[in-house]
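Novice: Just so it is clear: in the sequence shown, position 91 is 93 by the working numbering, and no numbers are missing.
Incorrect hints may have been included.
What the hints assert, rightly or not - Restricting the straight-line Cα-Cα distance to at most 27 angstroms, the calculated cross-link-like pairs of lysine-lysine (DSS-like) are:
{"hint": "1", "residue 1": "K24", "residue 2": "K13"}
{"hint": "2", "residue 1": "K101", "residue 2": "K24"}
{"hint": "3", "residue 1": "K101", "residue 2": "K20"}
Rather than coming from a laboratory, the hints here were simulated on the basis of the structure.
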Amino acid sequence: MAYGAAMSVSKAAGALIKEANKYTSFGRPIALLTFPVIVVDAPIVEAFIDDDGEMVVSAVDSGVLIWRNPVIHNLLNIISIVRRDDVESFAATMWSSCKSIVDFAQLEMPKLPMIEHKRKL
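Can you make the complete structure from the sequences, with help from the hints?
Specialist: The following block contains the structure:
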């Protein structure tokens with residue numbers, strides 16, 4: 003089930019990007035942010051080895067799966083996994099993150115050297 007969910011959200015994100023690229027000017031890709039998310043009803047746990055070499059397991063509200071995605075040529079894909087009762091908080095955090103990225107891009111883009119696109123006749 004986990005693999006199927008990861009594939010589904012990856013395919014959906016890839017389809018959004020592919021569709022958006024059809025409508026860009028100059029035939030060049032645009033910057034499109036996609037945040038694949040899997041929402042679950044079950045508890046999410048994280049496990050890690052602490053400094054003493056002991057395994058620690060604890061419940062968390064969300065996690066991140068970093069996965070080599072076969073849908074996008076094995077490029078890294080970052081998928082958020084969120085408990086259903088934490089979706090609103092997660093969405094607010096992601097909205098804030100998107101706004102920060104857009105604000106940064108608006109400040110920095112004018113500083114980049116622009117390439118003129120001239121059509122050969």
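Novice: Does each hint hold? Answer for all of them.
Specialist: Verification of the hints:
no.: 1; hint: K24 / K13; in the structure: holds (17 angstroms)
no.: 2; hint: K101 / K24; in the structure: holds (24 angstroms)
no.: 3; hint: K101 / K20; in the structure: holds (23 angstroms)
In summary, the structure agrees with every hint in the numbered list given earlier.
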